[in-house]
Amino acid sequence: MTFHEKLAWVMMAVTGLVGFWYGQDVITASRDIEGTVGPDIALISFSTIVLVGAAIVSSIVFAALDETTDPGLEDERDRAVFSRAGNISGWVLSVCAIGGLWHYYFHADGNALFHMVVGAMFVATIVDFALQIAFYRRGG
Amino acid sequence: MAKRPPITNRVKELREAMDQMSQSALAKEIGVTRQTVIAIEQGKYSPSLESAFRIARVFGVGLEDVFGWEGD
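The listed protein sequences correspond, in order, to chains B and R.
Those letters in the first sequence? Residues 1 to 140, by this note's numbering.
Those letters in the second sequence? Residues 141 to 212, by this note's numbering.
You can take every hint at face value.
The calculated label-pair distances, taken between Cβ atoms and stated as ranges, are:
1. B:I44 with R:V201: 52 to 60 Å
2. B:E74 with R:Q160: 27 to 35 Å
3. B:W21 with R:D159: 51 to 59 Å
4. B:D25 with R:D159: 55 to 63 Å
5. B:H107 with R:S164: 54 to 62 Å
6. B:D66 with R:Q182: 13 to 21 Å
7. B:N111 with R:S188: 41 to 49 Å
8. R:T148 with B:T48: 45 to 53 Å
9. B:A42 with R:E210: 55 to 63 Å
In short, the hints are calculated from the structure, not lab data.
The structure displayed is predicted, hence computed values, not measured ones.
For glycine and all other residues, C-beta sits at the position ideal for the given N, C-alpha and C.
Full structure from sequences and hints, please.
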């Protein structure tokens, strides 16, 4: 398994957990006020810190565990995998964001739009990592 | 299941014939990861033209001595 594939597994799991936790928090808070809760910068900041921290820690751990792998090396197969996964996840992000815009058009709920765009970013990121794994497993 | 590329190769055979050259050593020579060499040897990944030339040059043979088209 390549360094990048291992990282994709960890980051897909962490992004899924953080996204689930973010969604749960927004849904619970929205139920309490019987509307859509506004953007919470503390929640966004904490999610970002967790994701960046997980990426840094897992990179260090994988690099330390496998000394034969150069974590900085990104070869032609890696670039092809990232390019294809990024292209498809970009479409996923666009489609989800457009869904949010349509929701705003009919309901004029800016808070919901914000959370839908954040959700779209989580979904697109998870799809990106999942596709990276799938492409690596397939060969490239 | 993804369709395999129709390109065959003798990378493993040539590598082993070259004093049991390791996959890591070949990877270093051509500037890719060991996992990419594994994927090439398994026929799961077709390298770029540049890497194909690099591989052929490492073994000191022509491109067609390393790579072929399935069925030819």
